[in-house]
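Enquirer: Please build the complete structure, drawing on both the sequences and the hints.
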Amino acid sequence: NAVYAHNYGATSVKTRNIQSLTEKEVKKLELNMLLMSPPCQPHTRQGLQRDVEDKRSCALSHLCSLIPQCETLEYVLMENVKGFEISQAREQFIEALEKAGYHWREFILTPTQFNVPNTRHRYYCIARKSKKFDFEGEKIWEYMPGTDADLNQQSNCKISTIIELDVPADTLVPDNVLTKRVMVMDIVHPSQSRSMCFTKGYTHYTEGTGSAFTPLSEAQTHSIFEAVKEIDMDVNSKD
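In this text, residue positions in the sequence shown follow the numbering used here: the first is 29, and each later residue adds one.
Simulated from the structure, these hints should not be mistaken for lab results.
Please note that the accuracy of each hint is not assured.
Said to hold, decoys possible - Below, simulated EDC-like cross-link-like pairs (lysine to aspartate or glutamate); rule was C-alpha separation at most 16 angstroms, straight line:
| # | residue 1 | residue 2 |
| --- | --- | --- |
| 1 | Lys110 | Asp79 |
| 2 | Lys52 | Glu99 |
| 3 | Lys160 | Asp79 |
| 4 | Lys159 | Glu102 |
| 5 | Lys110 | Glu134 |
| 6 | Lys208 | Glu235 |
| 7 | Lys56 | Glu99 |
| 8 | Lys127 | Glu164 |
| 9 | Lys157 | Glu126 |
| 10 | Lys159 | Glu126 |
| 11 | Lys186 | Glu246 |
| 12 | Lys208 | Asp260 |
| 13 | Lys167 | Glu102 |
| 14 | Lys157 | Glu123 |
| 15 | Lys55 | Glu123 |
| 16 | Lys110 | Glu170 |
| 17 | Lys160 | Glu134 |
| 18 | Lys127 | Glu99 |
| 19 | Lys157 | Glu99 |
| 20 | Lys167 | Glu246 |
| 21 | Lys157 | Glu102 |
| 22 | Lys42 | Glu53 |
| 23 | Lys160 | Glu126 |
| 24 | Lys55 | Glu102 |
| 25 | Lys167 | Glu134 |
Expert: Here you go:
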């Protein structure tokens, strides 16, 4: 909310529990569009996957009960983690859309499909009332309809074109971490067009939480790694 208020200062930002919203309040707002990204923790593959039994799903359940009451609501966009598409929460959400007379379509998309060099598969659902969609609805799309599915999967954008090189020293990976964990880190180079999905564990854990950038080329990095391996072998042989 603080970031939103900073970027859109003229917009009213309310910090409150969504479950406290009443039907009367929602109708008074005369909403035209609802954009939401409910908590993903109940559906993450690494979590307990408690789905609607997780208290963090309560806000979405409440919104689902309000959607059919919003007569002025024309558009709905939902974003969530991959895995939401097989959840009970998703069934509840779709049921609310159908009850309110929406046309809807679902997707699993990742930024690389939009020329952003980062892999982050996410569930999206778009819905509208006034007009049907002109592409099939009995499936979850893994690319944007009307585009070439094969050409729609990879980013051509080089990391070097978007990375900031002049950054504070505290953004560097500490030497003691590199010494111990560099071999399990996902290191990306300027010429590459990919990076791993970043998680909340980034900066806390080195493996599987996101990529680290080096301004060195792949060849330079490979040479350094080979030299380190040789040193390790020499040390071990002396032991």
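Enquirer: Measure nothing beyond the straight line between the CA atoms of lysine 110 and glutamate 170; if it is 16 angstroms or shorter, mark the hint as holding.
Expert: 11 angstroms, holds
Enquirer: Given the hint that lysine 55 pairs with glutamate 123, does the C-alpha gap stay at or below 16 angstroms?
Expert: 20 angstroms, violated
Enquirer: Given the hinted pair lysine 167 and glutamate 246, is their Cα-Cα distance within 16 angstroms?
Expert: 40 angstroms, violated
Enquirer: Given the hint that lysine 167 pairs with glutamate 102, test it: the Cα-Cα distance must not exceed 16 angstroms.
Expert: Answer violated: lysine 167 to glutamate 102 is near 23 angstroms, above 16 angstroms.
Enquirer: Tell me if the straight-line CA distance from lysine 160 to aspartate 79 falls inside 16 angstroms.
Expert: Not OK: lysine 160 and aspartate 79 at ~30 angstroms, beyond 16 angstroms, violated.
Enquirer: Please verify whether lysine 167 and glutamate 134 have alpha carbons no more than 16 angstroms apart.
Expert: Distance ~7 angstroms between lysine 167 and glutamate 134 Cα, so the pair holds.
Enquirer: Taking 16 angstroms as the top limit, are the C-alpha atoms of lysine 55 and glutamate 102 close enough?
Expert: Given that 16 angstroms is the threshold and the Cα spacing comes to 13 angstroms, the pair holds.
Enquirer: Quickly compare the C-alpha distance for lysine 127 and glutamate 164 to 16 angstroms and report which way the hint goes.
Expert: Violated, at about 20 angstroms.
Enquirer: Would you check the hint for lysine 42 and glutamate 53, treating anything up to 16 angstroms between C-alpha atoms as holding?
Expert: Satisfied, since the Cα-Cα distance of roughly 13 angstroms is no more than 16 angstroms.
Enquirer: Between lysine 208 and aspartate 260, does the CA-CA distance stay at or below 16 angstroms?
Expert: 12 angstroms, holds
Enquirer: Hey, lysine 157 versus glutamate 102, does the alpha-carbon distance stay inside 16 angstroms?
Expert: Holds. Lysine 157 to glutamate 102 sits at ~5 angstroms (cutoff 16 angstroms).
Enquirer: Hey, lysine 160 versus glutamate 126, does the alpha-carbon distance stay inside 16 angstroms?
Expert: 13 angstroms, holds
In the structure shown, a violation is registered for the earlier hints numbered 3, 8, 13, 15, 20, in ascending order.
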